[in-house]
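With the hints as a guide, dock the two chains, each given alone in a separate frame, to form the complex.
Residue numbers (the working numbering), protein chains in the order written: chain W, 1 to 104; chain Z, 1 to 222.
Among these hints, one or two may not hold up.
Okay, derived cross-link-like pairs now, EDC-like style, lysine to aspartate or glutamate, Cα gap no bigger than 20 Å in a straight line [as the list claims (entries may be wrong)]:
| id | chain 1 | residue 1 | chain 2 | residue 2 |
| --- | --- | --- | --- | --- |
| 1 | W | Lys97 | Z | Asp6 |
| 2 | Z | Lys86 | W | Asp82 |
| 3 | W | Lys97 | Z | Glu4 |
| 4 | Z | Lys86 | W | Asp38 |
| 5 | W | Lys101 | Z | Asp6 |
| 6 | Z | Lys86 | W | Glu89 |
| 7 | Z | Lys85 | Z | Asp174 |
| 8 | W | Lys33 | Z | Glu89 |
| 9 | W | Lys101 | Z | Glu4 |
Negatives, chain Z to chain W, calculated, CB over 10 Å [claimed, not checked]:
| id | residue |
| --- | --- |
| 10 | Pro36 |
| 11 | Leu40 |
| 12 | Ala57 |
| 13 | Ile152 |
| 14 | Arg172 |
| 15 | Asp174 |
| 16 | Ser182 |
Hints were generated in silico from the structure; no laboratory data involved. Where is the CB? At the ideal position from N, CA and C, for every residue including glycine.
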Amino acid sequence: MSEELDFSEIVGDDLYSSGVRTGIMIALYGIRKITFTDLLISTGLPRSSFYSHLKYLSENQYITVRTEITLRRPLTFIRITDTGMRKVENYFRIIEKYRQKNNE
Amino acid sequence: MNNEIDTTIDVSGRIIYRYVRTVEIFVYILFSTYIPVNFLVGLSLEFLINLDFAVNALYLLLDFYSLILFLVYVFLIYRYRRKIKKAIEPVMRISVPRRRQPERMHGYRAGSASPVFSLLITAVGISALLDILDLSAYEFIPIFIFYISGLIWFINVSRSIYDAMGSGKLIRIDLLAFIGFSVGYLGGIFISDAFFILFTLTWLFSGIFLYLENRGSEPADE
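The following block holds chain Z by itself, in its conformation from the complex (with noise of 0.2 Å):
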C-alpha cells in the first residue's frame, strides 16, 4: 500500500512540479519586460505630450501611468498565484499528511502563500498611498516589497512540491532572480540607473533556463 502511495506522490509531485516551472517561465519572462515596458510607455507619453494635439489627458496618464502598470503586473501575478495553488493542492492532500505529524497537518496550507501574497496587496496600497500624497520619489519601497513577496512566494511554492516529494532541494535560479531583483533594483534606485539591466537580464536569463531546462527529452523507449 505504502508503496503504490509513493509511487502516487512520486509521479504526481514530477507533473505538478514541471508545471509549476512551465508557469515560473511566463513569471520570470514577464517581470523582466517591467522596466523595459515602464521606461517606453513613460518615453512615448512624453513624445505625445511634445507633439502640438497633445490632450490633457496625456499630462494626467504621465503621472499614473506607473501605478496602472504596476497594477496590471500585479492582477497578472495573482492569477499565476491562483493557478499554481489551485495545481499543487491534490498532491499536497495525500503527501503532507503522510510526512507530516497529524498535529502540525492543521491549517497548513499549500506553499504557505496567503501571509507572503498580502504583502503584495499592500505593496499596492502603499504605492497608491505615495502617489495620492505625491511621494512617488518613494515608490520604490512598495515596489521592493511587491517583488521580494513575490519571489519569496514562488521559491515557498517550489519546496513545498520538492517537500512533498520528499526532498527539500533548493532552486540555484531563484536564488540568481532574487539575486539580480536585490542587486539590480536597489542599485538602480541608488546608485545608477544601468543597475536596472542587471535586474531585467537576470530574471530574463532565468526564465529561459528554466524553459531550456523544462523543455527536456523523452524518455527513450525500453
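Bound conformation, chain W alone (with noise of 0.2 Å):
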C-alpha cells in the first residue's frame, strides 16, 4: 500500500472496523495457523458470532478453514493468507501513522 494511507480507510474498511476480526487477524498473523475449537475457545465468542466473522475472513480469502486427519482426529485448521498478511501488515503501518499523528 502507499504512504498515503490514513486512519480513514480503518472506517472503510470493514475488516479493521471490528476489532475482533482484526485480532483474529493479528494473532494468525503470529501464529500462521490454529484449530477451530482452539480458536472458539480462546476468543470466548458464541458460536454464532464466531462463525459470521470466519465466514467474512474467509470469503474475503484472509483466511483458509480446512479439516485434516491428524494422528489423533481429524481437526479444522484456520490458516492465514498472503492476503491476509499484506493486510495485517497494512493494519500496522496505519496503526503507527495514526499514533504518530496523536503524538505530534
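And the structure:
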C-alpha cells in the first residue's frame, strides 16, 4: 500500500472496523495456523458470531479453513493467507501513522 | 477508535496467551522427562557395557551421554523460544506503544528474552568445558543456570502477554515449577537423589495442570 494511507481507511474497511476480526488476524499473523476449537475457546465468542467473523474472513480470502486428518482425529485448521498477511502489515502501518499523528 | 484497538488487543492477546500456554505444556512435560531419561540412558549404557560384545565407543558414550542429552534439550528449548517470540511480536507491536511511554519504546523486545536466553547458551558452554577438564562433579552449576534462565524467560514471556492485555497477573503454576526445581534439583545434588523426583513431579504436574486448564470448554451459544 502507498504511504498516503490514513485513519479513514480503517473506518472504511470492514476488516479493520471490527476489533474481533482484526484481533483474530493479528494473532494468526504471529502463529500462522490454529485449530478451530482453540480459536473458538480463546476468543470466548458465542458460536454464531464466531462463525460470522470466520465466514467474512474466509470469503475475503484472508484465511483458509480446512479439515485435515491428524493422528488423533480430523481437525479443522484455520490458516492465514498471503492476502491476510498483507492486510495485517497494512494495519500495522496505519496504526503507527495514527499514533504518530496523535503524538505530534 | 481506541475501543476497537482495545478489542483487537484483547482478542489477539487471548489467542496468543492460549497458544503460549500450549507451548509451555510441552516444555514442562518435556523437562520433567530429563532426569528419568538421563537415568535410563545411563543405566542402559552400563548394561550394554557389561555385555560381552561391548565396544569401546560405549565407554566414550558413557562419558558424554549427559552432555549430549543436555544439548538436545537446549536445542528443543531454542525451538520453542523462537515459536513463542514469533507469536507474541505482532501483539506487542500494537499494544506496547499504546501502554508505554514513547521514550521507553525504543529497543523494546518481546519478553526481554535475549539476555536470559544467552544464559542458556553460556550454560552449555560451561558444561562442555567442565567435561573437557574432567570436572563433571561441578556440572550441576551450568545445568542449574540452564533451568533457572529457561524458567525466568518463560515467566517473562507470560508476563509480557499479561501486560499486553493490561494486567500483570502472576502465574502460580510457573512459581510452583520454579520452587519444585529449586528444592528438587538442589536437594538432589546436595542431599539425596530422591529429591530429583520432586523436581520431575512438580514439572509434570505443572504441564498436566496447564493442559487441563487450557483445554477449557467451548463458550455457550447465545
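Do the hints match the structure? See the list:
For the proposed pair lysine 97 of chain W and aspartate 6 of chain Z, the alpha carbon gap of about 17 Å is at most 20 Å, so the pair holds. Of the pairs offered as hints, the one joining lysine 86 of chain Z and aspartate 82 of chain W holds, with about 17 Å between alpha carbons and a cut-off of 20 Å not exceeded. For the proposed pair lysine 97 of chain W and glutamate 4 of chain Z, the alpha carbon gap of about 16 Å is at most 20 Å, so the pair holds. Proximity of lysine 86 of chain Z to aspartate 38 of chain W is assessed by CA-CA distance (about 18 Å); at most 20 Å being required, the pair is judged to hold.
Under the criterion of a C-alpha separation no larger than 20 Å, the hint pairing lysine 101 of chain W with aspartate 6 of chain Z is consistent with the structure, at around 19 Å. Proposed proximity of lysine 86 of chain Z and glutamate 89 of chain W is supported: the alpha carbons are some 15 Å apart, at most 20 Å. About 18 Å separates the Cα atoms of lysine 85 of chain Z and aspartate 174 of chain Z, which keeps this hinted pair within 20 Å; it holds. Proximity of lysine 33 of chain W to glutamate 89 of chain Z is assessed by CA-CA distance (about 16 Å); at most 20 Å being required, the pair is judged to hold.
For a cut-off of 20 Å, the pair hint linking lysine 101 of chain W to glutamate 4 of chain Z stands: about 18 Å separates their Cα positions. Distance to chain W confirms proline 36 of chain Z as a non-interface residue, since its nearest Cβ pair spans about 24 Å, more than 10 Å. Under the 10 Å C-beta cut-off, the non-interface status given to leucine 40 of chain Z relative to chain W holds; the minimum distance is some 25 Å. For alanine 57 of chain Z, the shortest C-beta to C-beta distance to chain W comes to about 35 Å, beyond the 10 Å cut-off, and the non-interface label holds.
At roughly 22 Å, the least C-beta separation between isoleucine 152 of chain Z and chain W is larger than 10 Å, which holds for a residue marked as non-interface. The claim that arginine 172 of chain Z is not at the interface with chain W holds, since no C-beta of that chain comes within 10 Å of its own (minimum 20 Å). Even its closest Cβ contact with chain W, about 19 Å, leaves aspartate 174 of chain Z beyond 10 Å, as expected for a residue assigned away from the interface. Every Cβ of chain W is farther than 10 Å from the Cβ of serine 182 of chain Z; the closest lies at roughly 32 Å, confirming the non-interface assignment.
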